[in-house]
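*Asks:* Sequence:
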Amino acid sequence: MKKILIAFLLLSTYISGSAQVASEDVLGLQYYQSGDFAKALSIYQKLFNQGRNQLQYYDPYLNTLIKLKQYDDAEKLVRKMMNAHKDNFSFRVDFGRILKERGLVEKANEWYNSLIKDLPKDENTIRDLSITFYRADAYDFSVKTLHSGRKILNDENAFAFDLLALYRYQKNKPMLVQEYVNLMGKDPSTQLIHQAKSTFSNLFESAEDYDLLRAALLKKLQKEPQNVAYAEMLAWQYIQQKEFDLALKQIIALDKRLKEDGDRVYDLTSVFLSNKAYDQAIEALEYLLTKGPAGPHYVPAKMQILYTKNLRLTSAKLSQPELLLLEKDYIALLGEFGKSRNTVFAMRQLASLQAFYLNKPKNAESLLEEVIKIPGLQQAVIGQTKLELGDIYVLTGEIWEAALTYGQVEKEFANEPIGQEAKFKNAKLSYYRGDFIWSKAQLDVLKSSTSQLIANDALNLSLLIAENTESEADTNALIKYAKADFLIFTNQYDKALKTLDSINTLYPKNSLEDDILMSKARIYQKQNLLDKSIEQLNLIIANHSTDLWADDALFMLAETYETSMNNNAKAMEYYQKIITDFPGSLYVTEARKRFRTLRGDNLG
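Heads up: the sequence shown runs through residues -21 to -1, 1 to 583, numbered per mature numbering (1 follows the signal peptide of the UniProt record, and there is no 0).
Derived from the structure by calculation, the hints contain no laboratory data. Mixed in with the good hints, there may be bad ones.
Have a look at the derived ranges for each label pair, beta carbon to beta carbon [as the list claims (entries may be wrong)]:
(1) Thr576 <-> Asn394: 31 to 37 Å
(2) Thr576 <-> Ser21: 50 to 56 Å
(3) Tyr50 <-> Gln9: 21 to 27 Å
(4) Asn338 <-> Asn545: 20 to 26 Å
(5) Arg571 <-> Gln29: 47 to 53 Å
Cross-link-like lysine-lysine pairs, in silico, DSSO-like; alpha carbons within 30 Å at most [as the list claims (entries may be wrong)]:
(6) Lys307 <-> Lys459
(7) Lys59 <-> Lys86
(8) Lys202 <-> Lys228
(9) Lys341 <-> Lys505
(10) Lys198 <-> Lys221
(11) Lys238 <-> Lys255
(12) Lys572 <-> Lys549
(13) Lys100 <-> Lys79
(14) Lys426 <-> Lys459
(15) Lys165 <-> Lys202
(16) Lys255 <-> Lys270
(17) Lys426 <-> Lys556
(18) Lys48 <-> Lys123
(19) Lys505 <-> Lys474
(20) Lys152 <-> Lys221
(21) Lys65 <-> Lys96
(22) Lys100 <-> Lys46
(23) Lys462 <-> Lys474
(24) Lys462 <-> Lys505
(25) Lys100 <-> Lys86
(26) Lys165 <-> Lys79
(27) Lys150 <-> Lys549
(28) Lys165 <-> Lys86
(29) Lys202 <-> Lys130
(30) Lys79 <-> Lys59
(31) Lys352 <-> Lys339
(32) Lys79 <-> Lys96
(33) Lys123 <-> Lys165
(34) Lys255 <-> Lys318
(35) Lys339 <-> Lys462
(36) Lys426 <-> Lys505
(37) Lys130 <-> Lys165
(38) Lys477 <-> Lys505
(39) Lys255 <-> Lys25
(40) Lys96 <-> Lys55
In this text, a Cβ means the ideal position worked out from N, Cα and C, and glycines have one as well.
Based on the provided sequences and hints, a complete structural model is requested.
*Replies:* This is the structure:
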């Protein structure tokens, strides 16, 4: 019983002592953080000298001595630890740190250099010293250790990834480029290329940064023209600088040199399309056609060329002769490959071209009706084609047929995004006709759509109707506005602009001013009259910053500056404004993503 009592007393004493130490430790930290270093020192000195867990209290004890400029005591502490732990670099590096704190920079550097000079031929020991220098904020010596290590080990590629991490932390762009380029000479793997692209995207801030990479790659390619990694990185660098011609030449040259099937070239066309570099996309696709019908990308390239030409024509001032030539090319393609599941994409594009740009809606109707009858088509493709057919019925004034077709799709794809899109189109059809009450009832149902885009569009149109039908004058103005909206839908832009301009004349002080500005901005976008579009959007921001279209206007401005005007600084300004001023906007997530991409953040 006596032994048990003694053991209990010892345990109680130990627990009490541990609790006291923990309490003093917390108190010491509080003093240190508040800048009361004298009180912190008395606590840490006591805890250190107790002899238990000296390593735990060494750092705060040393840091407190340095803060109080008690360098002699600090040096004695470090020398004591150096003698007790001869294989630990931390204390030797701390000795150099004290020399620096005393202002003896040259002596500190000599001391650090002596540590590097005495390194053994052991990779782990070399890396350990480098890490210790890094933890002591002596980054240059951390790098120097690894370079010396390469000489000691007689391996010029040793510690490559350690150095990459250090250069990235230091933002040492020239050395980072050099290290990556050298490493690619030994390891041209896809993983390394991806890592390099991600790192450069994260770090590079200017054209000069990319020029560093370009110069290094061109120099290497002169010596190693077969190195795929160098060629791919050079093409990527051209793309970042939007030098799409040079990127295409590089990838085509690589395709020819390696005698490939054009996979890289075909993949590059999607990059060109996303950047609206239509000429380069067409050139890339035409190169693929030179490989002949047996090539794996021959048929897709044929259709993609027409799609790209379609985009190029319909995103700029339309040229009727060019549109007719494009129609002829589509017809020739369908004549060559037939009307089947493989060419449905081209058939639908041709129908859109004929209906909305060539005034041939009946031809388009017939073509889409053929698509629907093609056996083996996915139901989603049939449903989407029916929606396009309904749009053409609207265009030709066959309102009943349009409503019936939309209704079929809504019923066949109930509770699916395509069915909700059909319901929205039917609601908008009623809006075009001035049946605002029925239209709003349908739109209010769609505000809870699982498709965020449909829900947002439904909400916007519902609000438009609600806010502009409170008086007879407002309702009449909305009827006129809906007519202009219909003209925009049918690509009759000049008529739409005249109708929009007439609203303020016919109905002064109406409540549609910001809506009219947004419609005009969208028309000018479609006509590629960017300056005029920007003017309308800026008017919305200046005069209607709290109204419905404010965040839409900001996003359109940002997107225009980013994708069409190559002004990333301006684009970032508008993306940032959406994030800060409109935190509840539908565009916040995308704006944040694009802002971070333009800033160079690593999103991978």
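*Asks:* Mind checking the alpha carbons of Lys426 and Lys459 for me, to see if they're no more than 30 Å apart?
*Replies:* holds, 25 Å
*Asks:* Between Lys150 and Lys549, is the straight-line Cα distance small enough, at 30 Å or below?
*Replies:* Status holds; Cα separation ~25 Å.
*Asks:* Between the alpha carbons of Lys48 and Lys123, is the straight-line distance 30 Å or under?
*Replies:* Judged against 30 Å, a Cα distance of about 29 Å means the pair holds.
*Asks:* The hint says 31 to 37 Å between Thr576 and Asn394; measuring C-beta to C-beta, is that right?
*Replies:* At 34 Å between Cβs, range holds.
*Asks:* Take the C-alpha atoms of Lys202 and Lys228, compute the straight-line distance between them, and say whether it is at most 30 Å.
*Replies:* Answer holds: Lys202 to Lys228 is near 19 Å, not above 30 Å.
*Asks:* Does the alpha-carbon distance linking Lys100 and Lys46 stay inside the 30 Å limit?
*Replies:* violated, 37 Å
*Asks:* Given the proposed pairing of Lys198 with Lys221, does the C-alpha separation stay at or below 30 Å?
*Replies:* holds, 21 Å
*Asks:* Take a quick look at whether Lys165 and Lys86 sit within 30 Å of each other, Cα to Cα.
*Replies:* Violated, at about 39 Å.
*Asks:* CA of Lys572 to CA of Lys549, is that 30 Å or under?
*Replies:* Holds. Lys572 to Lys549 sits at ~16 Å (cutoff 30 Å).
*Asks:* Please verify whether Lys341 and Lys505 have alpha carbons no more than 30 Å apart.
*Replies:* holds, 24 Å
*Asks:* Can you tell me whether the CB distance of Asn338 to Asn545 sits inside 20 to 26 Å?
*Replies:* Once the Cβ atoms are compared, 35 Å apart, the range 20 to 26 Å for Asn545 and Asn338 is violated.
*Asks:* Does Lys100 pair with Lys79 here, judged by a C-alpha cut-off of 30 Å?
*Replies:* Holds. Lys100 to Lys79 sits at ~28 Å (cutoff 30 Å).
Checked against the numbered hints given earlier, this structure breaks hints 4, 6, 22, 26, 28 and 39; the rest are met.
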